[in-house]
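Chain by chain, the residues run as shown.
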Amino acid sequence: MLEQIKQQFQDATDLFTDTLDNGYWHMEIAYFPALCDEHIKDGLLVPFSYRFDPDEFRRMLHANPKFAKTDKPEGWASLLLKGFVLIRIGDDCYSFKSDRTLVTEPDTTQVEASLEGPQSAFTESLDLNLYLLRFRYNVPTLTVEPFEKGNFSNTAIQVVYDRKLVNRDVLELLYKQMEKVDLDLLLSSGQLVKSLTDKSHRFFPTLLQTERPDRVASMLRKGKIAILINGSRLAILLPVRLYDFMNAMDDYYDSFWISRLLATMRYIAVFLTLVLPAAYIAIVSYNPEIFRVQLAFTIDGSRAGVPYPSFIEVFIMLFMIEALIEASIRLPRFVGSTATTVGGLILGQAAQQAGLVSSIMIIVTSVVAISNFVIPNSAFSQSIRVLKYLFLIISMIYGISGVAVLFFAMIVYLCSLRSFGEPYFAFFTPHQRDLASQAPGKR
Amino acid sequence: MKGPRTFLLIILISLLCTLTGCGFKDIDKRFFVVAMGIDQGSKINTYRVTLRLAIPSSKIESGEAKTEVETFEAPSIAEAVRHLKALVDKELDFGHCRVILFGKPLMEEGVDSALQWLSRRRDIAMVTFLGMAEPNAHIVLKLHPQSERYPGNALFLSFGSEGTESSFTLTEYLFDWARRQKETGKDAYLPIIRRDTDNNSYRLDRVAFLDKKKLRLCLDPAETQLFNISAKHFNKSFMGISYQGTRIVLGLTQVKSRMSISKDSVPVVNYFIRATGFLEQSPRNLLEENPSKIEKMLETELNSQLQDLMYKIRNAGVDPYGFGLHYLAQYFGRAKEWEHWKQVYPAVTFRVQSRIVIDKSGLIK
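Sequence lines, in order, name chains Y and V.
Under our numbering, residues 1 to 443 are what the first sequence spells out, in order.
Under our numbering, residues 1001 to 1365 are what the second sequence spells out, in order.
Excised from the complex, chain V in its bound form (with noise of 0.2 Å):
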């Protein structure tokens, strides 16, 4: 009894050692990749992608964080960061990578084959940040900011939420444009990175709009942060206007909206926003005169505003609001109601209506 049952203890044992988890490799045996570039080759149909490798040491100080940049040119992306392992001394590791940048020329070509390969890759982490680098992601990556404090950092921070929050930049994750690639009816935006003019930093604050295939429209700045607000409820933004020779500023500190979509022939896109904020900037005693008639300059404003910016992105083709799904969701659409909001969609009329809440004037002493 007992035999056969130690002898089956050892086999399974010895069964258990054959499998191992998926690699041992120490930590300070892997090299850790903080972003990857994706350009265009000098030949046509070739990828030219760069790496931004940490160095690390255990002193951390601002402006002495060390990294290497690695470039390779190849005829696919994973050739490339194939070739790209025989020119580093260890192995490459991409779970640290939170920053992937399209180079422009790239994106006016089209990026689908990009997409295949980041989204098969296990160890590239689906809330990777996103964004398309002018003029190219070589460049971007080679800047070296002087407040890194760590290797990438500055390019993290810049990004997501944990650093600045700025109304002008817009965040995307991996995981969510690949989403928006897939999707019918709501089309992919990414974040336009560039150097900023000073050399020392990055200036993240324009947007540019891909239909499925390649880049449409970049918005300026003032656009992207309307974008920003309307479409994606970014709440730390603010808008200004003129009134009697000085700004008003209105710092936002909520916004909601909602839309629906007519069912005529040529669909009506009525959309509602609700923002709430208080004044970060106005004249004195400005309140006591006539809050609601300030209110109402501002959604004028922003009607206006709004309604241009919609239909600068519907002439452009692309849909990243996704009026195109919310058509369909509203109306059970299938394949033929897809057809038709095709069809219709570049004439579709935009109706917004705002409501803007003045909460409360700052402090006030």
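Just chain Y, with the same shape it has in the complex (with noise of 0.2 Å):
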């Protein structure tokens, strides 16, 4: 065994191989320090040393599921990869599983946090994310299916779903994408994401990555179906509505009241924020009767001193408040702090006293960046700030009428899209017992 495992591997030096010798019989032993932990003592190691009987150690590894026989060469590779110890005993080869976890504790929500739901998220061990998972959703229907993925990374994944709720079709259709998906390296959900989706194009995101254990639990409630990757922080769900990027989960934990409020106001400022910067080119610039007298002759005394058109003014600040918001995120946090300091209050400030933009436009710029930190979901609040610039272009040559008519394009776009086969933009989707006898093929 040691010649193949050495020939395989050869000229990796931090591989151990050993024959150990008890002073009876002996023990070939190949493994990765640095992928195994110190279980490998205590599990192997000590035993091997007082056994003296080799019978007797044959039955301590039938006994202990660590321990599985692996008589395939060809497996030895990516078992030793993984962490796992090879031994081999007479002819009998065995793998014992005593791979190496760095991480013991869920972590913190840092990306979706929540007012009064829990805190815990996601962590890079697939193991940690199974458990936060398993507790939430403890019902013995659940079911993980492993994938591995990545030709050199050989990430593993996990797909998991409530095998009574599942749409059968939903899920042919991700077996059918997984076999396409043709990564190097699989390092984050993100990748995943995009060679899953047909059309890495698309406007929207139309698979949803989370951070929030709760979050998947109650996806899964709903029949959805969850990918967890190793080494990734966010699980990958699908398929999903636009509803589902703009709910929080606070939603589900907050009074009827108070989240309907929050949710329509969520609503509002997505709409404010795709559309507000174009509507100020398009009202300043083509129908300035649309605003209140007052407004408009208060937006034309401010404006007086601006040298350039309005869309110039407006990009000059989206621009900044771009730069600024990608600085404060790449900062480190003790800078980040600074940037947004001498942005908001200095270039702000500063820019409209120099008469570069007027102080209608201030307003426009932090609603605009404002509104758009209120969407839930990161990815789709970066797409929405992608598609205000092209609601800009629009609203520069056809004004307040191409804004009105793109925001029609941008509905009907969304009405195309599809999520796994799900639409996208459904606002009504069946009911729980409903979706369930629906499944075709239920197990």
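Just so you know, these hints were derived from the structure itself, not from any lab.
Among the hints, a few may not be true.
BS3-like cross-link-like pairs, simulated, lysine-lysine; straight-line CA separation at most 30 Å [unchecked claim]:
| no. | chain 1 | residue 1 | chain 2 | residue 2 |
| --- | --- | --- | --- | --- |
| 1 | V | K1214 | Y | K388 |
| 2 | V | K1186 | Y | K388 |
| 3 | V | K1059 | V | K1025 |
| 4 | V | K1186 | V | K1214 |
| 5 | V | K1182 | V | K1336 |
| 6 | Y | K149 | Y | K69 |
Computed footprint of chain V on chain Y, listed as stretches where at least three residues anywhere in the stretch have a Cβ under 8 Å from a Cβ of chain V [unchecked claim]:
| no. | stretch |
| --- | --- |
| 7 | 58-66 |
| 8 | 253-267 |
Where is the CB? At the ideal position from N, CA and C, for every residue including glycine.
Using the hints, build the complex out of the two chains.
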């Protein structure tokens, strides 16, 4: 066995191979010390040094589920790389699971914070993630199917669903797409999302990524499918609707009226961040009669010193705010607050006083930025961020009617989108009880 | 496959770029017309167009609003407006023109061509207020009220229900006026706007009636209010009568009316009006005596006043109430019925039956 392994890992100096001898019999052993944890001592080395009868040792191997018989030499390399210890006693080869797990505690939510909901988030360890999920969705029908993707990374993936509720058509479609996935390195859930969607140039995300186990649990209850990826903090959910992206977990936990109010506010915010800069250009430069008279005169007065046409003014301010957002993500935390201070206070105020932009534009810009952050999902928020510019360009050329037509076109586009065969823009989905009975070919 | 598609896309996009909206012009390059006046020119068949233009400022303070008044005479309104563009430095924008005034001399001549221009321009909003200026529009537009916060706001506020709501002020919109000008059996009215005697505000307490062509009748303020109550159901108005040496004032809160016209050879118009209100001013303990007696007194007063007003309007040959339209609607009227109505209208009789309910006494301490 050792010869074969050494052949495969020729220059891997961190591979440990040896033939151990306890005075009565021999055992060949091979493992990566970096990938294995301390369990190897208690589970393997200590018993080996005290069991002088090979049969007694073999009984222990059969009794412990961590040991498995592995007679096929072609599987050895991948087992070693996954943190297994390979041993050979006589003619039989065994693997001992002793992979090191660094993460032992759930993460705290970082992107999808919640006020009253649970604070634990998925981690980069698949096992812990599965624990977090099983702990919340505690039924025997929860099915976990393992996959492995990435030619070089061999990343473990688990497809999780409730087999009573899941839509079989969607599942078939997912398997078909999974077969097509051809990646060298699968490092993040985002890569899988990209390769799972047919057309990568979509304006809106059709797969939902989340770090919250409670969100995944609630979606599993709705018959959706979750994909967990080893080494990624985010789980992928499918099929999803636009509504799911706009839904914060707090909506489940808050009282009826406040959650409805907040949800409505969120949709208004999306509308504002999408349309407001475009509407500013269209109204200021094409149809000032839409404003009330007072506002028209105030904007007129404040724009009097601005040397450039309205769209350049908008681009200046939007560039500034986008740069500010980008900078505060990339910068280390300590410097981050400096960036916001410099950007927000000094640039905003100074730009207006210098006569580069009107004071109304400052308000428009801040409304756009703040409203954009209201969107609970970052992927969706980014797609809205991009789409805003399309509205801007159209409003530059066609004015308010262009904005209206583009908004209509966007609705049409949303209606045409499908997330794994399910309509993306559907407001109402069949009720849960119906969904379970509808699922064709239920097991 | 990919080549032709991109090619097609490029063509489509370049085609799109040739289409543009309705003219890119920044707000600070526009001159907002806040009010427009149309007068008779000094020569025959000319119009004198006066525009009140807003000079915007970011600071808003009472009396600080600046406006510029430009005026020009031309054979038609359209030409005058086009020529006025040569007198200003920015593009004229009628989008915020909320008030259009016609001079009284012009009204006496007829305003048919003015209406044409107003309704054909797309940038003149149909919710623009119309009024008749006395003695002419130019003089009224020149006035600069002290209370004006931003250009033209005193004018907007006096007309609409946004600011003051007076029962003496009638509001007429362009769309309603255009409809009334076209409608068979219903005639237009215009509020009359004058300078106040102190030259610091506008005075809108009278109304002018027109037939399809020109000015026919002007009412005094009391009649104007009566018309406002009965025809427009304006419910923030009042009625006053003398009672035992004191004055009783009834503030109206709700007015309803309906009419029916008999189909006799000379039709009789029965006009029913029901008004609810509370006592704004009355002697003490008045209601304890006999409220229905006061109601009766108010009713007879209203009946006679309203009948007088209707006869006055009838005698002037106008029909702002729309009796003719109602007649045609009630009896499936066609051209023959309309001819008949036109003949007998100067002779129709009016019977007004009113019902007045004193709802509340007002707060009593």
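Here is how each hint holds up against the structure:
1. Note on K1214 (chain V) and K388 (chain Y): the hinted pairing is violated, with a Cα-Cα distance of about 54 Å set against a maximum of 30 Å.
2. At roughly 51 Å between alpha-carbon atoms, K1186 (chain V) and K388 (chain Y) are farther apart than 30 Å, so this suggested pair is violated.
3. Under the criterion of a C-alpha separation no larger than 30 Å, the hint pairing K1059 (chain V) with K1025 (chain V) is consistent with the structure, at around 23 Å.
4. At most 30 Å may separate the alpha-carbon atoms for a hinted pair to count; K1186 (chain V) and K1214 (chain V) meet this at roughly 14 Å.
5. Note on K1182 (chain V) and K1336 (chain V): the hinted pairing holds, with a Cα-Cα distance of about 18 Å set against a maximum of 30 Å.
6. Restraint check for K149 (chain Y) and K69 (chain Y): satisfied, since their Cα atoms lie roughly 25 Å apart, inside the 30 Å limit.
7. Beta-carbon proximity to chain V at under 8 Å applies to 0 residues in the stretch 58-66 of chain Y; the threshold of 3 is not reached and the given coverage is violated.
8. Coverage of the stretch 253-267 of chain Y by chain V is violated [criterion: at least 3 residues with CB-CB distance below 8 Å; count 0].
Hint compliance for this structure: hints 1, 2, 7 and 8 are broken, all remaining hints hold.
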